[in-house]
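Participant: Sequence:
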Amino acid sequence: MNIFKNFTMGVLALGMLGCSTVLTGTMKDSDGGNLTLDVNLSPAFMAYWADLRTADPTLPASPLSEPALRQSFSKISGIKTWSLESLKAGQFRLKFSFDQGQQISDQISGKEVPLLSWTTSGTEKKLTFRLSQTALQSLIQTTGLADSSSLEVFLAGGEGELTKDEYTELLSYFLESYDPRAKATVAASFIEVNLEFPRNPTKVVGGKIQGRVANFRASLVDVLLLEKPLIWEVSY
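Using the numbering used here, the letters of the sequence shown correspond one by one to residues 1 to 236.
Worth double-checking, as some hints may not be accurate.
Unchecked claim - The calculated EDC-like cross-link candidates involving lysine to aspartate or glutamate, where the alpha carbons are at most 16 Å apart (straight line), are:
1) K125 <-> E196
2) K126 <-> E196
3) K126 <-> E233
4) K203 <-> E227
5) K183 <-> E161
6) K203 <-> E233
7) K183 <-> E196
8) K208 <-> E227
9) K203 <-> E85
10) K208 <-> E233
11) K228 <-> E169
12) K183 <-> D222
13) K164 <-> E227
14) K125 <-> D222
15) K203 <-> D222
16) K164 <-> E85
As the list claims (entries may be wrong) - Ranges between beta-carbon positions, derived for each pair:
17) A55 <-> E124: 48 to 58 Å
18) R53 <-> Q210: 21 to 31 Å
19) R93 <-> R217: 18 to 28 Å
20) R199 <-> E227: 26 to 36 Å
21) S83 <-> R181: 49 to 59 Å
22) T58 <-> E196: 21 to 31 Å
23) T202 <-> T54: 20 to 30 Å
24) T119 <-> N194: 16 to 26 Å
25) V213 <-> M46: 28 to 38 Å
26) T119 <-> E161: 29 to 39 Å
27) E161 <-> R181: 42 to 52 Å
28) E161 <-> L84: 29 to 39 Å
29) K164 <-> N194: 20 to 30 Å
Just so you know, these hints were derived from the structure itself, not from any lab.
Nothing here was measured: the structure is a model prediction, and the numbers come from that model.
Virtual Cβ for every residue (Gly too), placed ideally from N, Cα, C.
Kindly generate the complete structure, drawing on both the sequences and the hints.
Facilitator: Following this line, the structure appears as structure tokens:
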């Protein structure tokens, strides 16, 4: 039974820039769940990635086709069921599964840093997404992508040495030849998530409630910098 379905993602971490990202999904009660995520990489980023591959032929055709990235995510997350389907150029469909109550955590750093949990207490159910700098860096550093000097611009935000304005300027500089409005695009890029639940949520952390829908929104730069953990939580 699907936990989320009909996801569309236009911006992905590591700089899939060029448009806003709106994810919509439906939450269903079950003893376990499946996550389906449709990822669309923007034309500006794909052009940038093609040039990176010219300079560094060891890079894969796209970030998502890098086996080490998927293996690393599975390792730190505890998700065992994982598949990647290429729909067409720049478009992919990810599917992975987990059980109710399972803590999907960062196991590389030795710290308990849940990425996603779905738990119950009596009649109340709670869905929590928590992305920390520790978890993000663990994912990046355990893949071959972390060793590529070509990707340093996208990984620079995790060093904690750049302000939000400085990081925006850095991304804009590297992308301006692919998008003449790069700075405005970077500044305006955001990730928005709308989840519909079986009944009205009773509590939302990091977002707002609109009937049976919980809405969350964060700027792309905030997600990449993660100066503080990104926490989205819904009780219903």
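Participant: For every hint, state whether the structure bears it out.
Facilitator: We went through each hint and held it up to the structure:
no. : hint                      : verdict
1   : K125 <-> E196             : holds, 14 Å
2   : K126 <-> E196             : holds, 13 Å
3   : K126 <-> E233             : holds, 7 Å
4   : K203 <-> E227             : violated, 25 Å
5   : K183 <-> E161             : violated, 20 Å
6   : K203 <-> E233             : holds, 8 Å
7   : K183 <-> E196             : violated, 33 Å
8   : K208 <-> E227             : violated, 22 Å
9   : K203 <-> E85              : violated, 35 Å
10  : K208 <-> E233             : holds, 10 Å
11  : K228 <-> E169             : violated, 20 Å
12  : K183 <-> D222             : holds, 15 Å
13  : K164 <-> E227             : holds, 9 Å
14  : K125 <-> D222             : violated, 28 Å
15  : K203 <-> D222             : violated, 23 Å
16  : K164 <-> E85              : violated, 34 Å
17  : A55 <-> E124: 48 to 58 Å  : holds, 52 Å
18  : R53 <-> Q210: 21 to 31 Å  : violated, 42 Å
19  : R93 <-> R217: 18 to 28 Å  : holds, 24 Å
20  : R199 <-> E227: 26 to 36 Å : holds, 34 Å
21  : S83 <-> R181: 49 to 59 Å  : violated, 36 Å
22  : T58 <-> E196: 21 to 31 Å  : violated, 42 Å
23  : T202 <-> T54: 20 to 30 Å  : violated, 53 Å
24  : T119 <-> N194: 16 to 26 Å : holds, 22 Å
25  : V213 <-> M46: 28 to 38 Å  : holds, 32 Å
26  : T119 <-> E161: 29 to 39 Å : holds, 36 Å
27  : E161 <-> R181: 42 to 52 Å : violated, 27 Å
28  : E161 <-> L84: 29 to 39 Å  : holds, 33 Å
29  : K164 <-> N194: 20 to 30 Å : holds, 25 Å
Figure legend: structure checked against the earlier numbered hints; hints not met, in rising order: 4, 5, 7, 8, 9, 11, 14, 15, 16, 18, 21, 22, 23 and 27.
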